[in-house]
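K.L.:
Which chain is which? The protein sequence lines are A and B, in order. Quick note on the working numbering: the first sequence kicks off at 14 and runs consecutively. Quick note on the working numbering: the second sequence kicks off at 22 and runs consecutively.
For the record, the hints were derived by calculation from the structure and aren't laboratory data. Owing to the predicted nature of the structure, the values given are computational and were not obtained by experimental measurement. Beta carbons are placed, not taken as given, at the ideal position from N, Cα and C, and that holds for glycine. Wrong hints could be hidden among the right ones.
Stated by the list, open to error - Beta-carbon label-pair distances, calculated as ranges:
hint, chain 1, residue 1, chain 2, residue 2, range
1, B, Leu96, A, Gly192, 56 to 62 Å
2, B, Arg290, A, Val35, 55 to 61 Å
3, B, Asp160, A, Val39, 30 to 36 Å
4, A, Arg28, B, Ser110, 37 to 43 Å
5, A, Leu195, B, Phe204, 44 to 50 Å
6, B, Arg143, A, Ala186, 46 to 52 Å
7, B, Asp85, A, Val183, 51 to 57 Å
8, A, Ile47, B, Asp85, 42 to 48 Å
9, A, Val35, B, Pro192, 34 to 40 Å
10, B, Ser140, A, Lys181, 56 to 62 Å
11, A, Leu200, B, Glu210, 35 to 41 Å
12, A, Leu200, B, Asp160, 33 to 39 Å
13, A, Val35, B, Asp284, 51 to 57 Å
What the hints assert, rightly or not - Heads up, incomplete: computed chain A residues facing chain B, CB under 10 Å, no partners named:
hint, residue
14, Ala153
15, Glu218
16, Arg221
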Amino acid sequence: MRIGMFFREALRSIRANAAISVAATVTALIAVFILGAFIPSFMYVRSAVDAQKAKVDVDVYISDTATVPQVNALREKLDGLRSDGTVAAVTYVSKEDALRIMKERLRDPSVLDELPSNPLPAKFNVQPTEAENANVIVAAVKDDPALDPTEGIVYPETTADRLLTAAKFVQWAGFVLIGILLLAAVLLIGNTIRLSIFARRREVEVMRLVGATNWFIRWPFMIEGVICGLVGAVVAVAMLWGIKVGVVDAWAAGADTALTKTGSAAGTIAFPLLTLVLVGAGALLGAVGSGITLRRFLKV
Amino acid sequence: MSDGQDTGRPEFTLVQVADPPSSEEEMAPMFSAPVTDGKRHKNDIFRPGPGPMVEFRGVTKTYDGNSRGLNGVSLRIGTGEFVFLVGPSGSGKSTFIRLIIRELRATSGEVIVGGRDLSTLRRGKVPYLRRAIGCVFQDFRLLPDRTAAENVAYALQVTGHSQKEVRRRVPEILSLVGLEGKFDRLPRELSGGEQQRVSIARALVNHPRLLIADEPTGNLDPETSLGIMDLLLRINRTGTTVLVATHDQHTVDRMQMRVIALDEGRVVRDEESAGYHDETGEVTA
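Using the sequences provided together with the hints, build the complete structure.
P.N.:
As C-alpha cells, this is what we get:
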C-alpha cells in the first residue's frame with residue numbers, strides 16, 4: 014500500500030529520536046545475543062545427552078562352563094527381544110575377540126602374553142533400541158543359567174538413569190529458559206519503545222486529531238521497531254560468528270580426543286539456520302514490542 | 022492495513038492562486054465542501070440532508086468526581102453558520118468541543134454531527150469523523166519536527182492522498198492562509214500567528230464541512246488575532262460551518278455573529294448578531 018511513506022516516517026522518527034533508537038537497538042542486540050548463545054548450547058547439550066543415551070548397551074557375559082544349547086537358548090531369548098522392538102542389535106563377542114579388544118586398548122599389550130589362559134568370558138553385546146529398554150533386557154536374562162557367575166550382566170545402570178533424568182531436565186529447562194528470554198526481550202524492547210512513544214505522545218495526539226487511523230499511526234512505529242530489532246540482530250549474529258570462529262571452533266580443534274569424539278557425535282544448529290532464526294526473532298521482537306506498547310496510546 | 026483510506030474521494034477543481042486572495046470569491050473553490058456526485062464514500066461520515074451541522078439534545082457530561090462539564094444542553098448549529106461559543110473558564114466550552122470530535126462521549130443526551138449520532142458511531146469510524154471536521158487549537162498542536170508544509174501534508178497523507186496531490190495542494194493552501202515563502206520553516210521558526218495559520222491550513226486541507234476553533238487567538242496579540250478571525254470568516258463565507266470558542270471579547274463584539282454563552286455547563290444565552298455580553302452588559306458595535 015503506502016509502504017514507502019510508512020518507511021520514510023519510520024526513518025524520520027529513528028533520526029529524530031536517535032538516542033532512544035540506539036537504546037532499542039542495543040536492547041534487541043542483547044536479547045538476540047543471549048538467545049543466539051543459548052539456542053546452540055541447549056541443542057548441543059541435548060544432542061550430547063542423546064548421543065550418550067545411544068551408547069547405553071548391555072553386556073551379557075557367558076559362563077565358560079555354559080553348554081552350547083544353553084548359549085543358543087540365551088541368544089534366542091535376546092533375538093526374541095529384538096523381534097518385539099526392545100533390542101536393536103545383538104553382537105556375539107567370543108573369548109578371543111574380547112582378548113583382542115583388550116590388547117588393542119592396553120598401552121603395553123605384552124602383559125597379556127604372560128597370562129596362562131584367556132580369562133575373559135565371551136559375551137553378547139546387546140544394543141537396546143532406547144536407553145529406557147536396558148532394564149527390560151536385564152530383567153529378561155538375569156536368571157539365565159548360561160550367565161557368567163562373576164561378571165553376570167554389566168550395564169551402566171546409574172549412568173543410564175541419570176542420563177534419562179538429565180535429558181528430561183535439559184529439555185524442559187531449555188524450553189522454560191527460551192520462553193523467559195523471549196518474554197524479557199519483548200518487555201525490554203516494548204519498554205524502550207514506550208519511552209519513544211511517551212516522548213512523542215503529543216505527536217500521536219495530533220495524528221489522531223487530524224483523523225489518522227490507528228494503523229496509520231502504528232505502521233511507522235512498528236517498522237521502526239522492526240528496523241531496530243533487525244539491526245540489533247545482525248550485530249548480535251556478527252558477534253556470535255566471531256565467538257564461534259574465534260573461540261568455539263578453536264577450542265573444539267585443540268581439545269582432547271575424547272572430547273572431540275563427544276563433540277562430533279553431538280550436533281548443534283547450523284550457523285546459517287541460527288542466523289535466520291535470530292534475525293527473524295529480532296524483527297518479531299521489534300514488531301511485537303512496539304505493537305503491544307502502542308495499544309495503550311491509541312485509545313480513541 | 023485495510024483501513025480504507027479515502028482514495029475514492031472525488032477530485033476538486035481548484036483555482037491556481039498566485040497571491041493570497043482578498044475576496045471570498047477567489048477562496049471559494051479552495052475551501053468549499055467537496056462536491057458529491059451522488060455516491061457517498063463508505064468512509065464519508067456525514068449523512069447528507071438539510072438538517073443542522075451540529076445538534077445537541079439534552080446533553081449532559083459529568084466527569085468522575087467533578088461536576089464540571091455540560092448540564093442538559095440542547096441547541097442546533099445550522100450548516101454554514103458562524104458561531105461564537107463564549108463563557109468563563111470551566112463553563113463547558115472545551116467539553117462542548119471535545120464532545121463534537123468525540124474525544125469525549127456524552128453521559129446522557131445525544132450529540133449529532135452531520136446527521137450522525139455520535140453515541141452510536143463505532144470506534145473505528147472516529148478517525149473518519151475527525152477528517153470531516155477541521156480543528157484549530159489555542160496551542161496550535163503542530164508536529165514540532167516537521168515544517169509548515171509537512172504538517173499540512175500529514176493531514177493529506179492521513180486521508181490517503183497521493184504524493185502528487187500532496188505536492189499540488191499543500192503550497193496552494195499555505196499561500197491561501199498567507200504563508201507564502203514560509204513553507205519550509207519549522208513551527209519554532211514561525212511566529213504564533215503564523216503557526217496558527219499553519220494549523221488552520223491543516224484543518225482546511227481536507228475540505229471539512231465543519232471547522233472548530235478552540236481559543237484560536239488565545240496566545241496571539243490583538244492585531245494577529247484580527248487576521249486569524251478574518252481568515253475564519255472568509256472560510257465561513259465559502260459555506261463551511263465555523264464554531265469558535267473564545268474569551269476574546271473584542272473580537273466577538275466586533276464581528277456581531279451568533280453567540281452562544283455557556284456558564285456552569287448550561288446555555289445562558291443564544292443570540293444572533295450579538296456581542297460578548299448580553300444587553301445588560303457592555304455592548305460595542
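K.L.:
The structure should be examined with respect to each hint, and the outcome stated for every one.
P.N.:
Hint check results:
no.: 1; hint: Leu96(B) / Gly192(A): 56 to 62 Å; in the structure: holds (58 Å)
no.: 2; hint: Arg290(B) / Val35(A): 55 to 61 Å; in the structure: holds (57 Å)
no.: 3; hint: Asp160(B) / Val39(A): 30 to 36 Å; in the structure: holds (35 Å)
no.: 4; hint: Arg28(A) / Ser110(B): 37 to 43 Å; in the structure: holds (40 Å)
no.: 5; hint: Leu195(A) / Phe204(B): 44 to 50 Å; in the structure: holds (47 Å)
no.: 6; hint: Arg143(B) / Ala186(A): 46 to 52 Å; in the structure: holds (47 Å)
no.: 7; hint: Asp85(B) / Val183(A): 51 to 57 Å; in the structure: holds (54 Å)
no.: 8; hint: Ile47(A) / Asp85(B): 42 to 48 Å; in the structure: holds (44 Å)
no.: 9; hint: Val35(A) / Pro192(B): 34 to 40 Å; in the structure: holds (36 Å)
no.: 10; hint: Ser140(B) / Lys181(A): 56 to 62 Å; in the structure: holds (58 Å)
no.: 11; hint: Leu200(A) / Glu210(B): 35 to 41 Å; in the structure: holds (40 Å)
no.: 12; hint: Leu200(A) / Asp160(B): 33 to 39 Å; in the structure: holds (34 Å)
no.: 13; hint: Val35(A) / Asp284(B): 51 to 57 Å; in the structure: holds (53 Å)
no.: 14; hint: Ala153; in the structure: violated (65 Å)
no.: 15; hint: Glu218; in the structure: holds (7 Å)
no.: 16; hint: Arg221; in the structure: holds (7 Å)
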